[in-house]
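Participant: Quick mapping for you: the protein sequence lines, in order, are chains A and B. Under our numbering, think of the first position of the first sequence as 108, with each following residue one higher. Under our numbering, think of the first position of the second sequence as 5, with each following residue one higher.
Among the hints, a few may not be true.
Claimed, not checked - Dumping the calculated DSSO-like pairs for lysine-lysine here, alpha-carbon to alpha-carbon at most 30 angstroms:
{"no.": "1", "chain 1": "A", "residue 1": "K209", "chain 2": "B", "residue 2": "K199"}
{"no.": "2", "chain 1": "B", "residue 1": "K254", "chain 2": "B", "residue 2": "K163"}
{"no.": "3", "chain 1": "B", "residue 1": "K256", "chain 2": "A", "residue 2": "K243"}
{"no.": "4", "chain 1": "A", "residue 1": "K243", "chain 2": "B", "residue 2": "K204"}
{"no.": "5", "chain 1": "A", "residue 1": "K207", "chain 2": "B", "residue 2": "K254"}
{"no.": "6", "chain 1": "A", "residue 1": "K209", "chain 2": "B", "residue 2": "K254"}
Since the hints were made in silico from the structure, they are not lab data. Keep in mind the model is a prediction, meaning the values are calculated, not measured.
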Amino acid sequence: MNIDSIQNGIVIDHIKAGYGMKLYQILGLDRLDCTVALLKNVSSVKYGRKDIIKIDREMEVNLDAVGFVDPNATIVLIRDGKIIEKKKIDLPETLTDIIKCKNPRCISQTEQEIKHVFRLTDRENHIYRCLYCETKASI
Amino acid sequence: MRSIIDILDLSTEEINELVHTAEDIIAHPADYAEICHGKKLATLFFEPSTRTRLSFEAAMYELGGNVIGFSEANSSSAAKGESVSDTVKTVSCYADIIAMRHPKEGAPRVASMAASIPVINAGDGGHNHPTQTLADLLTIYRHRHSFSNLKLGLCGDLKFGRTVHSLLNAMSRYEGLEVVLISPDELKLPSYVKKDVLQKNNIPYVQTENLEEALPGLDIIYMTRVQRERFFNEEDYLRLKDTYILTPDKLKGTRDDLMIMHPLPRVNEISVAIDDDPRACYFEQVLNGKYMRMALIMKLLKEAGTI
């Protein structure tokens, strides 16, 4: 299967297979009016299988969101058909307004205009907990 | 502005300091009778409570201070839809310190981020209840003169029981702790508490559903109530509520210096016949809670430069 290369935009590469759609949703890419390609289960020498997202527009990508979904993903910025920058991601210490707490008893479900904040509590196991109720975040 | 939302907001040194202050208050109450003269505690109770609210109020009065507040959400602007943040910003204009109980988990954290005065968590849903833990710790210390080398049995609702989670967090910082977790399968201690508190601190623990078999050898049996308000399903509550009832015959073969503890209110987890047993400590916990709240209010007001 061939997907056109992009002239000006962003490629999020090396996403763990199966996590591309999650990242697509968290980044809100469904709201863009430009061409966006989500490739699933692409063959990869390094990972066996991977997902890739291509966005046909230059834009700010929330690095914390990418780091949360897969800290091993890379972000490639493309201008005039050439790679101008590759960014490696790390696990962010906090996530702000990227995901919401799923605990129905959490104050963040009802408090007006509250920031939805999660803190990295276990780097080894990539565990984030809600700042308010300490419920574990799930992708 | 320093607030106490979680028992782990206090270091072990600070807990020891609070215990010693509480003991000094017990020995010399007159020395503390005017310390908070002219200062106001706001008790913001969005959920019903007998002990905790009265304990905070008694604590402030015995320090010479005054109390304002409400005892249910319906008598506050929360009933009109006011946010927690707006409520505490308003209350910060009237009071010097806040004690807050709220059914939503994390509400006191939100309050502490918005308030300009110290906030004490007086219980947030099934999450935390640090001042109950301070009451438990003073009770343990007054009986054992140490927090080390204790075999602690926790019985009942270990899933939603905030007092259990807070007590485990506090006790996990002392040496030689052994834990016995006694609960029905549906109310087991959450796996994250086991992992983050027990396993992380290499605390030996066993899980059982049998209270009688677990009792011999325990230094402390901490009974808890199955809380109706934590269940979404009434049928589950009715099925589980009478799982454990501590009666005098079950205490045969237990230690002479066993401490029988309960954060109260009890429904029927401990038979009334045990109340006269010298090993029953639950009403001591109530009294000790007031002294620890006095010590904590003083500490936070001193740190804030208010007294």
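Participant: If a hint holds in the structure, say so; if it does not, say that too.
Facilitator: Structure-based check of each hint:
| no. | hint | in the structure |
| --- | --- | --- |
| 1 | A:K209 to B:K199 | holds (21 angstroms) |
| 2 | B:K254 to B:K163 | holds (24 angstroms) |
| 3 | B:K256 to A:K243 | violated (42 angstroms) |
| 4 | A:K243 to B:K204 | holds (17 angstroms) |
| 5 | A:K207 to B:K254 | violated (46 angstroms) |
| 6 | A:K209 to B:K254 | violated (41 angstroms) |
In summary, the structure is inconsistent with hints 3, 5 and 6 from the numbered list given earlier, while agreeing with the others.
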